[in-house]
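Protein chains in written order, with my numbering: chain P, 1 to 772; chain H, 773 to 910.
Hints were generated in silico from the structure; no laboratory data involved. We put the CB at the ideal spot given by N, CA and C, even for glycine. Be a bit skeptical, because a hint or two may be false.
Cβ-Cβ distance ranges computed for the label pairs, FRET-style [as the list claims (entries may be wrong)]:
(1) N757/P with G803/H: 44 to 50 Å
(2) E9/P with I855/H: 51 to 57 Å
(3) D82/P with L802/H: 34 to 40 Å
(4) S890/H with P5/P: 31 to 37 Å
(5) K538/P with N775/H: 26 to 32 Å
(6) P801/H with I615/P: 50 to 56 Å
(7) S846/H with D266/P: 24 to 30 Å
(8) E10/P with L802/H: 49 to 55 Å
(9) I615/P with D782/H: 55 to 61 Å
(10) A181/P with G803/H: 40 to 46 Å
(11) R92/P with P801/H: 57 to 63 Å
(12) L573/P with G803/H: 52 to 58 Å
(13) E857/H with G668/P: 50 to 56 Å
Straight-line distance between alpha carbons at most 30 Å, and here's what the computed DSS-like set of lysine-lysine pairs gives [what the hints assert, rightly or not]:
(14) K297/P with K275/P
(15) K312/P with K849/H
(16) K849/H with K38/P
A few chain H residues facing chain P, derived, Cβ under 7 Å [claimed, not checked]:
(17) G786
(18) S789
(19) A793
(20) M796
(21) Q798
(22) P814
(23) W815
(24) I845
(25) S846
(26) I855
(27) C862
(28) T880
(29) A883
(30) Y888
(31) G889
(32) Q900
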Amino acid sequence: MAAKPWKREEMGETIVRSCAWSPPGCHPVGCGVQLHVKDGKLVDVEGDPEHPINRGALCPRCLAIKDVVYHKDRIYRPQIRDRADRGKNKWREISLDEAMDLLEEKTRYFRDTYGPESIVVFCGTGREATMYHNELTFMSFGSPNACYAQSGWSCYAPRVSSVAYLMGGGYPEIDYAARYADRYDHEGWSAPNYILLWGKEPLKSNADGFWGHSVVDMMKDCDTKLIVADPRLTWIASKADVHLQLRPGTDAALALSLLNVIINEDLYDHDAVEKWTYGFEALQERVQEYPPEKVEKITWVPAEQIYDAARKYAAHPEGKHSAIGWGLAVDQNPNGIQVGHALLSLIAITDNMDVPGGNTLGLPTKNDTNVDMISRAMEADTVSKQLFDKRIGAKEFPFVCDLMSTNHPDSVLDTLESFEPYRLRMGVFQSSNVVGGAISAAQTRWLEAMKNSFEFACATEIFHNPTTMAVCDLVIPLKTWVEHDTLVVSHYSFNIAFYGMCNKAIDVVEGYSDLEFMIEVGKRLFPEYWNEVNTPAKYFEKYLLPPGETFETLQQKHTIQPEEIYRKCEKGLMRFDGGLGYMSQTGRIELWSHAYSNYGDDPLPYFVEPPRSPISTPELFKEYPLVLTTGGRSYTSFHSEHRQIDRLRQQVKWPLLELHPDTAKSLGIEDGDWAWIENPFGRVKQKASLTYSLDPRVVHAHHGWWYPEDDPEEPSLYGFRKSNINVIMPHKAIGKLGFGDTFKCEICKVYKVTDDNDLDNHLPAPPVLAQV
Amino acid sequence: MANGLLIHYDWCSGCKSCEMACQMKQDLPLGQWGIKVLEDGPWPLDAKDLRSEKFYAATEDKKAADIEIEGSISHGKMHWTYIPEPTELCDLCGDLTAKGEVPRCVQTCQARVMEYGSLSELSSRAEQIGRRVLIYLP
Chain P
1 MAAKPWKREE
11 MGETIVRSCA
21 WSPPGCHPVG
31 CGVQLHVKDG
41 KLVDVEGDPE
51 HPINRGALCP
61 RCLAIKDVVY
71 HKDRIYRPQI
81 RDRADRGKNK
91 WREISLDEAM
101 DLLEEKTRYF
111 RDTYGPESIV
121 VFCGTGREAT
131 MYHNELTFMS
141 FGSPNACYAQ
151 SGWSCYAPRV
161 SSVAYLMGGG
171 YPEIDYAARY
181 ADRYDHEGWS
191 APNYILLWGK
201 EPLKSNADGF
211 WGHSVVDMMK
221 DCDTKLIVAD
231 PRLTWIASKA
241 DVHLQLRPGT
251 DAALALSLLN
261 VIINEDLYDH
271 DAVEKWTYGF
281 EALQERVQEY
291 PPEKVEKITW
301 VPAEQIYDAA
311 RKYAAHPEGK
321 HSAIGWGLAV
331 DQNPNGIQVG
341 HALLSLIAIT
351 DNMDVPGGNT
361 LGLPTKNDTN
371 VDMISRAMEA
381 DTVSKQLFDK
391 RIGAKEFPFV
401 CDLMSTNHPD
411 SVLDTLESFE
421 PYRLRMGVFQ
431 SSNVVGGAIS
441 AAQTRWLEAM
451 KNSFEFACAT
461 EIFHNPTTMA
471 VCDLVIPLKT
481 WVEHDTLVVS
491 HYSFNIAFYG
501 MCNKAIDVVE
511 GYSDLEFMIE
521 VGKRLFPEYW
531 NEVNTPAKYF
541 EKYLLPPGET
551 FETLQQKHTI
561 QPEEIYRKCE
571 KGLMRFDGGL
581 GYMSQTGRIE
591 LWSHAYSNYG
601 DDPLPYFVEP
611 PRSPISTPEL
621 FKEYPLVLTT
631 GGRSYTSFHS
641 EHRQIDRLRQ
651 QVKWPLLELH
661 PDTAKSLGIE
671 DGDWAWIENP
681 FGRVKQKASL
691 TYSLDPRVVH
701 AHHGWWYPED
711 DPEEPSLYGF
721 RKSNINVIMP
731 HKAIGKLGFG
741 DTFKCEICKV
751 YKVTDDNDLD
761 NHLPAPPVLA
771 QV
Chain H
773 MANGLLIHYD
783 WCSGCKSCEM
793 ACQMKQDLPL
803 GQWGIKVLED
813 GPWPLDAKDL
823 RSEKFYAATE
833 DKKAADIEIE
843 GSISHGKMHW
853 TYIPEPTELC
863 DLCGDLTAKG
873 EVPRCVQTCQ
883 ARVMEYGSLS
893 ELSSRAEQIG
903 RRVLIYLP
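Sequences are here, hints too, so could you generate the full structure?
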């Protein structure tokens, strides 16, 4: 049966097929949807059964998109506010032209008066904006300061950078038959024997573009089995053969111990090691420091489980391979670069790299929007070399900033507070809720510093949030994914399952998509660069689409799956020069890393304790006697988003502090009680949820909570201080080379909220569950 | 011949997409559902895992810091099941099935554990699946 056209008329409705991305957020998963439009209004949303990846399925967030698009609190027209009214809900609507005139005027003023470096452009996580963040900063605003405000850049970048430094590119992802139209039925494809999920709950996160329920598909229908390394028992972990329930932050010790077993029991693939890795003997020597019996004491994972998991992962019954899905826990750890190194080493020495049912590998990318944008900007002469030398934190953290074109996020907070080496005077927030969102640490410090430092601030958003309310003077409406055309490329083009077309179905706001915003700002400030690529269609054709494809051809085809090619290193496809092997210094996957050594770190993976833990700070641990991990996802929100969508709040109403029933009992806390989570950096409260999914010594807190139903004005700012766990995450608890934070490996104490200890700050008001 | 839903609940991930798809399609008010996901678990299948002796020994004086901080408190298998339950408001999406489509919950299910058909069709499917499967005739 021929695929349905991207747009069709049926029973008085126009039905538009589309691939969803953002805003509101998700990763670039590009789930297929069918949007039913009647009289110019979106009336129904369903999954698209013809989409190769989600095949008709959809998660609650896309299903509820109608309630986002037409929400009463949506920003429908540009709004401005007097600087004196920051923190007050006193906005005045203006036209889009007026808004852009003002933005241009302010940009020119700060650029000409204080230098382009006085402008900093923020971008949040996951959304489409992330694709254009550096280019918006360099080519539209002409500033060298692009900031992703997560402490230690601790999302995806550490993993991508590990790959780039150790093997030259091509992000490894679980093989889920994504590049075949017939998916799991494809002739010659073989499913993973085991999937090892490491600090990842893909069903809820769909992280980086990986359709998480593929894991269920393969376990249910393809005999794939599961190993999970996670401090939490997630639902999918309850289906695992082995659940390695490690102490938060001890991932590197556990991964090194798996290597220990695989190497000492000779379970590795000698041919793969010989041909495609470098430094095996040194690694072999290093892993002797991590025998399972010793690592049990560090990680709390029984030694026999470590042996069991290692043997299962390394086995190749009937020639099958196994895959590792590495998650955010690799990034949110000051020791994370070593975790990533150890996991890549596991894949490499067991011959599970770039093979069917193992980890697939993307092709190395040219013109990448993260790593190549600085050279493109200098070529285009929008930012000079001299200006790039002023990039905040780049000299202090070259390991981070040589690859990521941004500045160093923690250094930006230092600069905002100190005005050193210079003052940041203008802030632009592109899909980033720095105050009250999900990525920044020490949020009240960001709040005060930004208020103090910025003479002008602008945001592009779909809703107001604590950041717009606290510091912005101008807000420009963003179009949701049903309101604009765009291209979805899974894994931000690092490992492309498919190119998908996101088709505009309706008009709602007087605003822009992220890409339109970049082009419109750019056309005003750098016309010579932007006149050539002055529409989204031209942009995609120039930079992102595969050769020979146009915007129109993609629209007709709707999705394009690139060819799956395994063992690319043997075919000269992993190097730009066409040579065999990889693009590292040695042409191999470096188990002993020249790059790490050159940047001043140990060339081999190693374990260090988190900065605060039962082992590293035993005295402090007496006062804060629980290990705290944070940031587990729910189906109903993308990080700090969707909090104002009543239908989604029906399903998850409050931020939950998960703790073991025994722990709760010892603290006099019952299920549903509000509980304080306190550490040396402050306290926030969440609702206790008693669960056997955790070790009694570990608690887990949800992240990114604020209350749109609460008072928007200062000092409340939608009540973000009450429950947002990021408020008490520490600033600059980063790794040696600048990556990592402690969001997943802190300590805390927990006690019940009572009238006596909550005098000035009462419980959040219940959300108004009104009919939308 | 009655039509109904089969749910291979062994693999229901609890994502609640069916709830949302149904509520949106029928335009039901908040708090009303055509299908609702019920949760049971996680709880340990081995009774000894219900009470950690190590933990209690250390927490008699309610100081969690005194728990032996080295070494494992391992647990065995856990029970954790989600069961989607069609309610009186389920109409099996008669308008969609009349057009040859499947009910919205079936199409939307992320874990692909729901099927629509006649009781006899569903019975033979249930037999084929063999375990942890339910058939509903709303």
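Status of each hint after checking the structure:
The hinted window of 44 to 50 Å between N757/P and G803/H is violated, with their beta carbons roughly 33 Å apart. A C-beta distance of roughly 40 Å is found between E9/P and I855/H, which places it outside the suggested range of 51 to 57 Å. Between D82/P and L802/H the C-beta distance comes to about 37 Å, which sits within the given range of 34 to 40 Å. A hinted range of 31 to 37 Å holds for the C-beta pair S890/H and P5/P, which are about 33 Å apart.
With their beta carbons about 51 Å apart, K538/P and N775/H fall outside the hinted range of 26 to 32 Å. A hinted range of 50 to 56 Å for the beta carbons of P801/H and I615/P is consistent with their spacing of about 53 Å. Distance hint check for S846/H and D266/P: the Cβ-Cβ separation is about 27 Å, which falls inside the suggested range of 24 to 30 Å. Here the CB-CB span from E10/P to L802/H is close to 29 Å, at odds with the stated 49 to 55 Å.
For I615/P paired with D782/H, a C-beta distance near 40 Å fails the hint of 55 to 61 Å. In this structure, A181/P and G803/H meet the distance hint of 40 to 46 Å, their C-beta atoms being roughly 42 Å apart. For R92/P paired with P801/H, a C-beta distance near 35 Å fails the hint of 57 to 63 Å. Separated by about 55 Å at the C-beta atoms, L573/P and G803/H satisfy the suggested range of 52 to 58 Å.
For the pair E857/H and G668/P, the supplied restraint of 50 to 56 Å is violated, since their beta-carbon distance comes to about 34 Å. Proposed proximity of K297/P and K275/P is contradicted: the alpha carbons are some 36 Å apart, above 30 Å. About 18 Å separates the Cα atoms of K312/P and K849/H, which keeps this hinted pair within 30 Å; it holds. Of the supplied pair hints, the one linking K849/H and K38/P is violated, its CA atoms being roughly 50 Å apart against a limit of 30 Å.
Evaluation of the G786/H hint against chain P yields a held restraint, the C-beta minimum of about 6 Å falling below 7 Å. Hint status for S789/H: holds, given a least beta-carbon distance of 6 Å to chain P, under 7 Å. The restraint placing A793/H at the interface with chain P holds, with a minimum CB-CB distance near 5 Å, inside the 7 Å limit. Because the beta carbon of M796/H sits about 6 Å from the nearest beta carbon in chain P, less than 7 Å, this interface hint is met.
A distance limit of 7 Å between C-beta atoms decides the matter here; for Q798/H the minimum to chain P is near 11 Å, and the interface restraint is violated. Because the beta carbon of P814/H sits about 5 Å from the nearest beta carbon in chain P, less than 7 Å, this interface hint is met. Annotation: W815/H was flagged as interfacial toward chain P, and the flag holds, the nearest CB pair being 6 Å apart, inside 7 Å. Taken as an interface hint, I845/H checks out: its beta carbon lies about 6 Å from the nearest beta carbon of chain P, inside 7 Å.
Restraint check, S846/H versus chain P: the minimum CB separation of about 5 Å is within 7 Å; hint holds. Because the beta carbon of I855/H sits about 13 Å from the nearest beta carbon in chain P, more than 7 Å, this interface hint is broken. Because the smallest distance between the Cβ of C862/H and any Cβ of chain P comes to about 17 Å, over 7 Å, the interface hint for this residue is violated. A hinted interface residue such as T880/H counts as satisfied when its beta carbon comes closer than 7 Å to some beta carbon of chain P; here the least separation is about 5 Å, so the hint holds.
For A883/H, the interface hint holds, since its Cβ comes within 7 Å of a Cβ in chain P; the closest pair sits about 5 Å apart. The restraint placing Y888/H at the interface with chain P is violated, with a minimum CB-CB distance near 13 Å, outside the 7 Å limit. Here the hint on G889/H is broken, as its CB sits about 17 Å from the closest CB of chain P, past 7 Å. A distance limit of 7 Å between C-beta atoms decides the matter here; for Q900/H the minimum to chain P is near 13 Å, and the interface restraint is violated.
Hint compliance for this structure: hints 1, 2, 5, 8, 9, 11, 13, 14, 16, 21, 26, 27, 30, 31 and 32 are broken, all remaining hints hold.
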